[in-house]
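Chains as they are written, first to last, in the working numbering: chain U, 318 to 461; chain P, 2 to 657.
Just to be clear, a hint being listed does not mean it is correct.
To be verified - Below, simulated DSS-like cross-link-like pairs (lysine-lysine); rule was C-alpha separation at most 27 Å, straight line: (1) P:Lys-304 to P:Lys-394; (2) P:Lys-515 to U:Lys-362; (3) P:Lys-394 to U:Lys-380; (4) P:Lys-221 to P:Lys-207; (5) P:Lys-167 to U:Lys-380; (6) P:Lys-199 to P:Lys-220; (7) P:Lys-514 to P:Lys-576; (8) U:Lys-444 to P:Lys-370; (9) P:Lys-274 to U:Lys-380; (10) P:Lys-414 to U:Lys-444; (11) U:Lys-362 to P:Lys-278; (12) U:Lys-444 to P:Lys-268; (13) U:Lys-420 to P:Lys-302; (14) U:Lys-444 to P:Lys-655; (15) P:Lys-248 to P:Lys-420; (16) P:Lys-394 to P:Lys-263; (17) P:Lys-576 to U:Lys-444; (18) P:Lys-610 to U:Lys-444; (19) U:Lys-362 to P:Lys-281; (20) P:Lys-56 to P:Lys-167; (21) P:Lys-655 to P:Lys-610; (22) U:Lys-362 to P:Lys-394; (23) P:Lys-263 to P:Lys-278; (24) U:Lys-362 to P:Lys-268; (25) P:Lys-304 to P:Lys-370.
What the hints contain is simulated information worked out from the structure, not anything from laboratory work.
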Amino acid sequence: MEDFELELDEVVIADDVTTDKTQVGLSLEGNDHVANLVDNYRWFKDGLDAYRTGVAVALARNKSEVDLPPVTNKKTKYSVSSLDPDGRLRELIITFRPELEQKPYSASEWLAEIGLSIIREELDGGKLLSEILLGSEITNADTP
Amino acid sequence: MTDFMPYIGTQEVDFSVSPGAPIILIEGENNRGKSSLFTAIRWCLYGRALDRSSKAVQDQFLLNDNAYDLGRDNFEVQLSFSNDDDNYLLTRTCSVKRDAKGKRSGSTVRTFLHRNRDAISTEDIPRYINEVLDESISMFFLADMEILKNYETLVEDDSKAAVEVKSAIEDILGIPSLISVRDALKEIVDDTYKEIQKKKKENSEKSELEQKIAEQTSKKSNAKSQYETASASMAEKKREHEELTSKLAKIADATELIEREKTLIEKNENDLKSIDKLRKEIQVALHESWWAPVSTQVELKEKQTRDQTKLASQRHQSLSEKKFKLTSLENSLVTNKCSECQQDLPIASREETKSAIEDLRSEIIEMSKPLIPSLESLVDESRRLSLFSMPRKAEVIRSLERQIRILQNDAPKRRQEIKEISIALQGVNKDEIKNLEIQRQNKDREIGMVGVIIRSESTKLANAEKELTVLNRKYLDAPKSAGDMEISTEMAIASSLQEIMEDTVARFRIEMKKTVEKNATEIFAFLGSENVFKKLQINENYGLRLVDNKGQVFDHKSAGTAQVIAISLILALAKSAARSNALVLDTPFARLDETHRDNVLKLLSRDSKQSILLIQSAEKISKEIEPEFRKHVSRTYKISMGADPKESTIALKKQV
């Protein structure tokens with residue numbers, strides 16, 4: 318794994334009510350998805366890209382925290398500075414979910430869990446990556 | 002002879018002698034023509050005439066003066082003689098030229114020689130004459146005793162003249178013949194030596210050629226051996242290659258399947274590499290545009306934001322227009338003038354204006370409510386969305402994945418084919434086939450290498466053969482070599498012969514010298530009356546010295562003694578000569594006393610040599626010996642003065 322990924326087995330990240338997270342993590346399932354997508358499907362260069370793409374997919378699919386499947390303890394966490402060095406991830410979340418403006422990185426955790434789960438499932442279901450990420454060409458073309 | 006010197010007209014003298022009477026006696030007074038007759042013989046033989054001081058006389062002056070004065074320009078001497086059973090007739094004529102004043106200005110001499118009636122060519126005449134009597138030795142056979150100094154050199158030892166005389170004497174004695182044989186032998190030895198050197202060189206060259214031929218033969222043999230070995234190896238390798246090809250042909254199907262499998266696997270590997278590359282490109286694309294999944298939403302939002310911004314702008318514009326219109330209506334109500342045409346407003350219109358103002362105020366109030374979202378928030382939204390625009394990135398990702406999919410689509414079919422091939426090849430030893438193929442490739446390489454060797458050796462062989470052909474031709478063209486033994490033998494024989502001849506010449510010279518010395522001493526003793534001299538001694542250069550009874554060399558001063566010595570030598574030489582020549586003695590008694598004169602005549606009488614004596618009429622022969630002497634004279638001629646003092650005639654006086 319990349320050097321900016323820290324092993325935090327069985328660590329539960331405390332939820333702060335006032336400040337956003339500076340480190341984000343994934344559940345064991347989410348981590349499994351990342352490993353699968355990076356190592357097996359090899360669509361992503363590393364876990365950070367997979368994480369960010371998962372967030373984008375969840376946003377694109379307009380998912381809410383309620384859609385989060387049951388997950389077990391967080392295992393891996395990324396430094397926010399590594400994950401979002403240019404703040405684009407934060408901007409994206411705020412753009413699509415203005416209500417998450419206060420804690421976009423905290424929200425990114427469940428968004429990533431959902432997005433990664435969707436990608437994994439759909440890839441396993443035989444969909445093309447481009448279909449998963451960009452939608453079907455016809456649909457895309459017909460979209461006004 | 003005709004018109005020669007004092008002899009006018011034609012004069013003839015017969016020199017032939019009878020057996021037992023070898024002497025021709027020609028008498029004459031001083032200056033009558035004895036020496037002229039002697040000169041006529043010499044001139045006829047050699048074309049040269051000498052005066053009393055031994056100086057050459059020009060031919061035109063040999064013509065008789067009176068004859069010349071009479072207008073005759075030609076004179077002639079003809080000599081008939083025999084030698085070695087050959088008869089010769091020698092004729093020399095001279096045509097005198099006259100200048101404008103009638104003086105003798107030159108002459109043309111012509112010579113004719115017939116041997117046994119055969120004419121001899123002009124250029125060969127001197128050779129024939131010299132064979133009979135060489136001019137160099139003629140002084141001892143045509144002896145002009147009046148010119149004694151010719152013979153005085155005989156008593157000198159080392160002068161150049163003495164050496165010439167010595168040479169002449171040796172000519173008489175025949176030594177040069179031996180010398181010439183020796184020299185000829187020396188030439189043979191020299192030629193043999195040169196020939197030997199040449200042969201040695203040729204032998205050396207030939208030996209060198211033989212060595213080269215041996216080298217080339219060895220090279221050829223070596224190249225041939227290599228060529229044959231390589232050819233055999235080539236044949237073996239070709240046979241092995243054919244065997245391998247045959248084996249491979251028998252399992253050609255399997256080989257083809259293996260090839261096919263190999264191709265498919267390679268294709269798979271290449272595809273996987275391509276897929277991997279494409280995946281990496283997608284990874285890069287997703288790394289740079291991870292927000293791609295929201296691209297559609299971003300586009301929708303951008304459009305929505307644009308629309309909202311446009312509506313807001315339109316509302317703002319409309320509000321401004323309404324406010325302006327309200328102001329205008331309010332002004333027209335105050336001024337009671339139409340805002341458009343500036344006419345006075347009628348009452349009805351005023352009411353309508355008031356109503357319109359109210360409506361506008363309501364509309365303005367309504368339109369002035371704050372916009373949600375605000376224009377500022379829309380601008381902010383637009384800025385934020387611009388972060389996620391990804392022109393054509395999505396198409397790139399789609400295209401890359403499509404390529405991957407295409408490559409992946411072929412993979413199952415290929416895998417299936419590979420699987421089928423694997424099934425078909427079950428039981429086939431792929432390693433063996435591979436091994437056979439490798440072996441065949443190795444054989445190809447080996448055949449190529451052996452081919453190179455064959456070509457190389459073939460070239461060497463051809464070169465060696467070519468070189469050998471050239472060398473053999475040179476060898477055959479080279480002279481046949483002689484063996485070392487043969488050469489040594491030839492050289493030894495030639496050298497031995499040369500040594501023998503050197504020795505023979507030396508011995509012969511010594512012997513001849515002794516013989517001449519003995520004969521001369523005998524003649525000198527016979528001629529002389531003194532008993533004080535023991536002998537005439539001849540030195541290395543044929544110089545003559547008188548040795549007295551005490552063995553001392555006697556240095557004589559007497560002209561008479563010198564003449565006796567000269568006559569002794571002449572007669573000794575005539576006696577010892579290799580060939581018998583006639584003697585012509587001009588004035589032999591000039592410096593001799595009566596006793597010596599008688600002794601000379603006695604000596605000539607008892608000798609059988611043909612002798613022509615030209616003597617003075619005054620030189621009377623003593624009565625004691627005359628009767629005996631006359632018996633030995635075949636003919637006596639008398640030279641007399643003619644009608645003119647410048648003319649002489651010669652006539653037979655007495656014949657036996």
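How the hints compare with the structure:
1. P:Lys-304 to P:Lys-394: 19 Å, holds
2. P:Lys-515 to U:Lys-362: 141 Å, violated
3. P:Lys-394 to U:Lys-380: 24 Å, holds
4. P:Lys-221 to P:Lys-207: OK: Lys-221 (chain P) and Lys-207 (chain P) at ~20 Å, within 27 Å.
5. P:Lys-167 to U:Lys-380: 159 Å, violated
6. P:Lys-199 to P:Lys-220: The hint is violated at about 31 Å.
7. P:Lys-514 to P:Lys-576: 13 Å, holds
8. U:Lys-444 to P:Lys-370: Answer violated: Lys-444 (chain U) to Lys-370 (chain P) is near 49 Å, above 27 Å.
9. P:Lys-274 to U:Lys-380: With Cα atoms ~37 Å apart, Lys-274 (chain P) and Lys-380 (chain U) exceed 27 Å; violated.
10. P:Lys-414 to U:Lys-444: 20 Å, holds
11. U:Lys-362 to P:Lys-278: This hinted pair holds, its Cα atoms lying about 12 Å apart.
12. U:Lys-444 to P:Lys-268: OK: Lys-444 (chain U) and Lys-268 (chain P) at ~26 Å, within 27 Å.
13. U:Lys-420 to P:Lys-302: 22 Å, holds
14. U:Lys-444 to P:Lys-655: Status violated; Cα separation ~176 Å.
15. P:Lys-248 to P:Lys-420: 26 Å, holds
16. P:Lys-394 to P:Lys-263: Judged against 27 Å, a Cα distance of about 38 Å means the pair is violated.
17. P:Lys-576 to U:Lys-444: 157 Å, violated
18. P:Lys-610 to U:Lys-444: 161 Å, violated
19. U:Lys-362 to P:Lys-281: 8 Å, holds
20. P:Lys-56 to P:Lys-167: 22 Å, holds
21. P:Lys-655 to P:Lys-610: 20 Å, holds
22. U:Lys-362 to P:Lys-394: 17 Å, holds
23. P:Lys-263 to P:Lys-278: It holds: about 22 Å lies between the C-alpha atoms, which stays within 27 Å.
24. U:Lys-362 to P:Lys-268: 26 Å, holds
25. P:Lys-304 to P:Lys-370: With Cα atoms ~24 Å apart, Lys-304 (chain P) and Lys-370 (chain P) stay inside 27 Å; holds.
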